[in-house]
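Visitor: The listed protein sequences derive, respectively, from chains A and B. Our numbering puts the first residue of the first sequence at 1, with every later residue one more than the last. Our numbering puts the first residue of the second sequence at 1, with every later residue one more than the last.
In short, the hints are calculated from the structure, not lab data. By construction, the Cβ of each residue, glycine as well, lies at the ideal position given by its N, Cα and C atoms. Treat the hints with caution; some may be incorrect.
Chain B is faced by these chain A residues, among others (derived, beta-carbon under 7 Å) [what the hints assert, rightly or not]: (1) LEU44; (2) TYR59; (3) GLY69; (4) THR127; (5) LEU140.
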Amino acid sequence: MDELLERSQAETASSQALQDEDRILRRWTPMLLRTILVAATALLIVGLFLMARQAPGAYVARFKAVQAGKIYSRQPWLTMVGQAVAGDPRAIVTIGLMVLTLVPLARVAFCFLLFLRERDWLYVMFTAYVLFGLVLGVVLGRIG
Amino acid sequence: MLTVLGGLLALAVGAGFIGALSGLGGGVFIVPALVIVAHVPMYAAIGVSLISVVATSAGASVAFVRDGWTNLRVAMVLECATVSGAVGGAFLAGHIAPWILELLFALVMLQSAYFTVRKQDAELLPESDPLCARLKLDGHVPGDDGRPLHYGVRNLPGGGVLMVVAGITSGLLGIGSGALKVIAMDYVMHLPLKVSSATSNFMIGVTAGAGALVFLSRGAVAGSIAAPVALGVTVGALAGSRVLPHANVRALRAMFVVILVLIAIEMGWRALSGI
Chain A
1 MDELLERSQA
11 ETASSQALQD
21 EDRILRRWTP
31 MLLRTILVAA
41 TALLIVGLFL
51 MARQAPGAYV
61 ARFKAVQAGK
71 IYSRQPWLTM
81 VGQAVAGDPR
91 AIVTIGLMVL
101 TLVPLARVAF
111 CFLLFLRERD
121 WLYVMFTAYV
131 LFGLVLGVVL
141 GRIG
Chain B
1 MLTVLGGLLA
11 LAVGAGFIGA
21 LSGLGGGVFI
31 VPALVIVAHV
41 PMYAAIGVSL
51 ISVVATSAGA
61 SVAFVRDGWT
71 NLRVAMVLEC
81 ATVSGAVGGA
91 FLAGHIAPWI
101 LELLFALVML
111 QSAYFTVRKQ
121 DAELLPESDP
131 LCARLKLDGH
141 VPGDDGRPLH
151 YGVRNLPGGG
161 VLMVVAGITS
171 GLLGIGSGAL
181 KVIAMDYVMH
191 LPLKVSSATS
201 NFMIGVTAGA
211 GALVFLSRGA
221 VAGSIAAPVA
231 LGVTVGALAG
241 SRVLPHANVR
251 ALRAMFVVIL
261 VLIAIEMGWR
271 ALSGI
């Protein structure tokens, strides 16, 4: 009898966990991912439109510079945000690309929350490691 | 400006379309398109391509895990390996001579061609090995009669090692490394083909995202090229995935193998002749 009761409780808990998983994965994740994606796409399109309107010659010059091997263009993030707010198309495009990379980050963050809710500590650790790796990428890129 | 922008958009739409039809992803085609057709240096093409892989994956990922095929636990365990590899690979890409990158790219093209020919489904594994069982990596797939069929998983260390290689390849060459990921999960870990394909799609964005973050924070992504390419590849990939169900996949596969071998020859030639 006790064994039956225990099994029934375990099944209920498992079903609850599945429902939580379902809600997070099917409802909240697509909603947030779509919002980030739309924001990134809008920034990229606005940036390109402004480039075409304000300085089409500069766009071609920049393309030719990249062809010639002048690839690097690094600025402090705060400066870039300031430039984007002031309407600088290149800064808007770069921020759009950064927002785009938030999509995979958000997916991992959702999985982290999911495993945290399930108190599955082993997978919380795995997911935290992946998040750490993504942040490490930013740091390594800044170093060299 | 419109000529350059239009040209980049057309290249990207084409690469995304072929990438989706071949199942290899846009990255495999956008890097050679940028290097060979648009005369963009290899290193710049890699940064742009990583962004486009993230964009394509992001476009598809809105509905992720709804399919019921993605094994989230397998994805998370293996992402530890791919992200480590991708961050390392992207870091190294900035310090390696372009001709070596081009040569490596040619070799990966040949591997992709081989994968396109060899692609086949494996039988379901009834039980997981002890490590995979402990990590609860097994799952269920819908059977022919609609009832769920249980599958086991094996050889996580072997799959993990291949995933590190897939991650390094992704960060180093700007591709999604989907082919290597499927080989690791399908042949080495014995996951069903549809599960390994869906799980690989889920992982590609995160792996490429890790590499893209290194390039972006280094200031090595040419935004004026990456923006139209990311938009174009996503549109091409969406169109390709719409056409795919109505396409003659077997005939297309033969064509893709020829294209991949030709690209490998061109990239290999560029690397060795120092163009």
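Visitor: Hint numbers the structure violates, sorted upward?
Guide: none
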